[in-house]
Structures are given as structure tokens and as C-alpha cells.
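Novice: Each chain is listed here by its residues.
Protein chains: 2
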Amino acid sequence: MSEIVTAGLLVIGDEILSGRTKDKNIGFIAEYLANIAIDLKEVRVIGDEETEIVAALDALRSRYTYVFTTGGIGPTHDDITADSVARAFGVGIDHHPGVVARFRERFTGQDLNEARLRMARIPDGAELIQSATILAPGFMLGNVIVMAGVPSIMQAMMDIVAPKLKSGVKMLSESIRANAREGDIGGPLREIALAHPETIIGSYPFLDENQKPNTNLVVRSRDQASLTAAMDAVKAMVERLKA
Amino acid sequence: MSEIVTAGLLVIGDEILSGRTKDKNIGFIAEYLANIAIDLKEVRVIGDEETEIVAALDALRSRYTYVFTTGGIGPTHDDITADSVARAFGVGIDHHPGVVARFRERFTGQDLNEARLRMARIPDGAELIQSATILAPGFMLGNVIVMAGVPSIMQAMMDIVAPKLKSGVKMLSESIRANAREGDIGGPLREIALAHPETIIGSYPFLDENQKPNTNLVVRSRDQASLTAAMDAVKAMVERLKA
Chain P
14 MSEIVTAGLL
24 VIGDEILSGR
34 TKDKNIGFIA
44 EYLANIAIDL
54 KEVRVIGDEE
64 TEIVAALDAL
74 RSRYTYVFTT
84 GGIGPTHDDI
94 TADSVARAFG
104 VGIDHHPGVV
114 ARFRERFTGQ
124 DLNEARLRMA
134 RIPDGAELIQ
144 SATILAPGFM
154 LGNVIVMAGV
164 PSIMQAMMDI
174 VAPKLKSGVK
184 MLSESIRANA
194 REGDIGGPLR
204 EIALAHPETI
214 IGSYPFLDEN
224 QKPNTNLVVR
234 SRDQASLTAA
244 MDAVKAMVER
254 LKA
Chain E
14 MSEIVTAGLL
24 VIGDEILSGR
34 TKDKNIGFIA
44 EYLANIAIDL
54 KEVRVIGDEE
64 TEIVAALDAL
74 RSRYTYVFTT
84 GGIGPTHDDI
94 TADSVARAFG
104 VGIDHHPGVV
114 ARFRERFTGQ
124 DLNEARLRMA
134 RIPDGAELIQ
144 SATILAPGFM
154 LGNVIVMAGV
164 PSIMQAMMDI
174 VAPKLKSGVK
184 MLSESIRANA
194 REGDIGGPLR
204 EIALAHPETI
214 IGSYPFLDEN
224 QKPNTNLVVR
234 SRDQASLTAA
244 MDAVKAMVER
254 LKA
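Heads up: the protein sequence lines correspond to chains P and E, in order.
Under our numbering, the first residue of the first sequence is numbered 14, with each subsequent residue one higher.
Under our numbering, the first residue of the second sequence is numbered 14, with each subsequent residue one higher.
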């Protein structure tokens with residue numbers, strides 16, 4: 014449990030890059046992973062092109078403990094995520110007998126067409142991510158977790174896969190509203206950050222309810238004592254600003 | 014004007030990866046670039062670490078016509094975008110006399126502190142992106158365009174920089190609601206896609222107002238005649254489904 018567990022996220026879909034669809038998955042997954050003590054280190058959004066997907070998978074899976082993907086597992090010609098994952102891992106891909114059997118229960122006659130059967134294509138050796146309410150399953154192969162692009166289905170898949178993942182030492186976090194402009198605290202805040210190397214201190218400007226420039230300060234650390242020490246220093250700085 | 018102009022987007026900030034802040038810039042920039050005929054090909058979200066930023070900048074700027082960045086140009090210690098861009102280009106960075114002069118008009122005495130002066134650090138040779146309402150300027154160096162992370166400021170910067178960019182042949186787009194489940198049209202849609210290689214055909218499932226699975230089909234092409242031909246084939250398919 015003392016390990017740091019990291020993740021990359023690969024969002025696959027022309028519709029995000031063209032601006033037609035606004036992504037809702039990055040924010041959800043970022044928050045979800047933070048809550049289960051997995052550090053999201055990088056997100057990439059790329060289009061529906063196999064060579065691009067394979068290259069991104071290879072870059073991310075060699076680097077992070079886990080790689081999550083969203084999108085491209087539906088029944089149409091532009092859904093190429095499963096094939097791309099198989100190619101990245103150099104394994105075969107075929108219709109998964111268990112998934113086909115479930116489709117046969119659900120679809121009859123011409124409804125069980127080639128397009129729907131496409132959703133049963135699973136790389137060899139992958140573990141399915143499925144439930145009674147999920148039609149096209151996701152899967153996990155090696156350290157890559159393939160999920161749907163539709164937010165409600167992706168979220169159901171996260172709940173299924175999360176208990177199977179190892180989690181690291183949770184990143185603890187505390188925040189305080191500075192009631193000051195960011196430019197007024199940059200100097201002392203930098204000194205606090207330098208004096209507390211076991212913490213990550215973030216500064217986030219916003220317009221407050223009086224439309225005045227204000228700043229939220231966030232201290233993060235895996236160690237509670239370090240977090241408390243840095244937060245105490247930040248609080249003292251904020252008090253000094255009031256004076 | 015017959016060139017294809019591409020772009021990468023680099024979103025910089027721990028707060029996005031931790032889930033604390035939900036990004037609002039990717040969708041805006043994707044749509045904005047589509048409207049000015051620049052193809053967004055890739056987005057990366059990374060944290061506030063200089064080596065990560067430099068590596069991502071180098072990967073994207075060698076590959077795409079333009080690279081846009083958001084975030085990390087404020088007055089605090091975690092704002093390291095300008096320094097990272099200077100390092101990626103191997104140029105110096107210093108307080109920009111013009112920006113410092115503007116700050117001197119705006120801030121007096123102790124308000125013009127080291128933290129605020131940090132926002133005047135601009136890599137050598139960069140062109141400023143600024144206006145009367147923008148405090149910390151963005152800048153363009155080579156093919157890299159550095160913008161604020163705060164959406165309203167980023168959007169103002171896009172409006173300033175957009176007229177200076179070359180734009181390519183606009184990607185035309187038409188869409189139609191199939192009134193069919195995605196799995197029912199995957200087969201014929203694949204044939205249409207194969208028969209119209211000058212187009213990109215996307216299929217996007219959604220739940221319609223009756224909570225029934227439905228599908229939006231989007232045909233995109235740079236050539237109007239190709240777009241029309243493919244869209245005619247898609248419309249004929251949708252008509253056949255009604256019958």
C-alpha cells in the first residue's frame with residue numbers, strides 16, 4: 014500500500030476534437046481516480062485512427078500503472094478501439110463466445126447483425142467489464158482498461174473495474190480561500206512551497222461573489238504531517254494579509 | 014488556401030488532473046478551431062512539471078502547424094509555462110520591457126512585486142497576445158500560442174490571435190438524425206463509408222426525447238460534392254430504414 018499508483022487516460026473520438034461533442038469523461042475520471050488514490054498523470058484526446066491510437070496506447074501503457082480509454086467500442090466502422098488495443102499488445106482478436114451468447118439472448122434474427130457482433134470483438138486474453146445493464150462490454154487487457162464513451166456507461170464500468178485495481182497512498186488535500194489577489198501572495202507562497210517540498214501547493218484565481226479577484230490555495234501531500242505543516246504556514250500567511 | 018492546417022492543444026495544470034477543476038477550454042477551442050478551418054488533431058493534459066511540459070511541447074510542435082497551450086501563466090510558483098516554452102525553443106527569457114511598463118501604470122509601490130513581475134516574463138522573440146482588459150499577456154513564439162487557463166481570458170486571447178493564423182480548407186459537415194439504433198445501421202453505414210473515402214462519417218448514439226436509443230450521423234469532408242454524395246447515400250439509407 015506504500016506504492017504510488019499512476020494512470021494515463023486516452024479519450025478516443027473525432028467528435029471531441031471537432032468540437033461537436035463536449036467531453037464529460039475527463040473531469041469525472043480525474044475525480045474518481047483521485048478518490049481511489051490513483052494519480053492521473055496525463056490525458057490525451059485523439060481521433061479515430063488506428064496508428065494514432067496504437068502509438069498513444071504504447072506511450073501511455075509503458076509509462077503509467079494503468080491506462081484508461083473511453084470511446085470507440087460501439088457497432089460502427091469508426092469504432093476501432095478493441096482492434097487497436099489488440100494490435101498494440103500483438104494479440105489476436107475475435108468474437109468473444111460469452112459476449113456472442115449474451116447477444117443471442119438479447120437480439121433475434123436480423124437484429125444480431127454483423128454490426129452488433131462487432132461489439133463482441135474482444136482481444137485474446139482480455140477480461141470483460143460487463144453487467145446486466147451494459148450492452149457492449151468494456152475490457153481490461155494487461156494494464157489497459159477499455160471503457161465506453163457514453164458517460165453513463167463509462168461510469169458504470171468504472172464502478173465495476175475500480176475494486177480490481179491496486180491503489181496507492183492517497184493524496185491528501187486541504188484548501189483555503191485567501192481573500193487576496195493571486196499577485197499579492199505569489200512571493201510568500203513560493204517561499205512556503207520551497208520550505209515544504211513534500212507538498213504540492215496550487216494557487217487558483219477566481220472572481221468571488223463581489224466580482225473581486227480572489228484566490229483558492231490548495232495544499233496536497235501523501236503525508237498528513239507534511240500537509241498540516243504546510244497548511245499552517247499558508248494559514249499564517251493568509252492571516253498576515255488580513256492585518 | 015488549399016493547405017490542411019493542423020493544431021495540437023496542451024492543457025497545463027495539476028488542478029485538471031486532480032479533478033479539482035473541470036476543464037472548460039478543450040471544447041471551446043475545438044469548436045473555435047473547426048470554425049476557422051484549423052484541424053485539432055490531438056489534445057494533451059499534463060501537470061505543472063517543466064520536463065513534462067517541454068517534452069509535450071516538442072512532440073506537438075514538430076507535428077502540427079500550431080500548438081495552443083492553456084494555463085500556467087499567472088503570478089505564482091506553479092506557473093511555469095513561459096519558462097518551459099523558452100526552454101523548449103532554447104531561447105532566453107526575461108521581463109518584457111513593454112509588459113513591465115504596463116504593469117507600472119497599473120500597479121504602484123508594493124503591488125508591483127516579484128510575483129506580479131513574474132507575469133511579465135516572456136521568452137525572447139515572442140509576440141505578445143494582449144489587450145487593455147488582459148493583465149498577464151499570452152504570447153506566440155514560433156508555432157506555439159500560449160494562453161491563459163481562465164476561460165474568459167483564454168477566449169479573449171483566441172479572438173486576438175485567430176486573425177494572425179493561416180487557415181486551411183474548411184472541413185464541411187452535415188448531420189442527420191437516423192431514428193434508428195446504432196447497431197441497426199452499422200452494416201450499411203460501413204459500406205457507405207468505404208464507398209466515399211473522401212469523407213469522414215461519424216455515428217453518435219444518444220437517448221432521444223422518448224428515452225429510445227437513437228443515432229446522429231455526421232458526414233464531414235473538405236469537398237462539397239463528396240459531402241453531398243455521401244450524405245445522399247446516408248439519407249437514402251435512413252429512408253430505407255423507415256420503410
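Take these hints with a grain of salt, some might be off.
Any copy, or any two copies together, can satisfy a pair, since identical chains are not distinguished.
As the list claims (entries may be wrong) - List time: in silico SDA-like cross-link candidates among lysine to any residue, alpha-carbon distance up to 25 angstroms:
| # | residue 1 | residue 2 |
| --- | --- | --- |
| 1 | Lys54 | Val67 |
| 2 | Lys255 | Asn229 |
| 3 | Lys225 | Arg74 |
| 4 | Lys35 | Ala238 |
None of these hints come from the bench; they were simulated from the model.
Only a predicted model underlies this, so the values are computations on that prediction, with no experimental measurement involved.
Novice: At most 25 angstroms between alpha carbons: which applies to Lys54 and Val67, within, between, both or neither?
Specialist: both (19 angstroms within a copy, 15 angstroms between copies)
Novice: Using 25 angstroms as the alpha-carbon threshold, which applies to Lys255 and Asn229: within, between, both, or neither?
Specialist: within (15 angstroms within a copy, 55 angstroms between copies)
Novice: How do Lys225 and Arg74 come out at 25 angstroms by Cα distance, when the copy is not named: within, between, both, or neither?
Specialist: So Lys225 and Arg74 fail the 25 angstroms test inside a copy (44 angstroms) and across (37 angstroms) alike.
Novice: Classify it for me, Lys35 with Ala238: is the Cα-Cα distance of at most 25 angstroms met within a copy, between copies, both or neither?
Specialist: Neither. Shortest intra-copy (40 angstroms) and inter-copy (29 angstroms) distances fail the 25 angstroms Cα cut-off.
Of the numbered hints listed earlier, those contradicted by the structure are 3 and 4.
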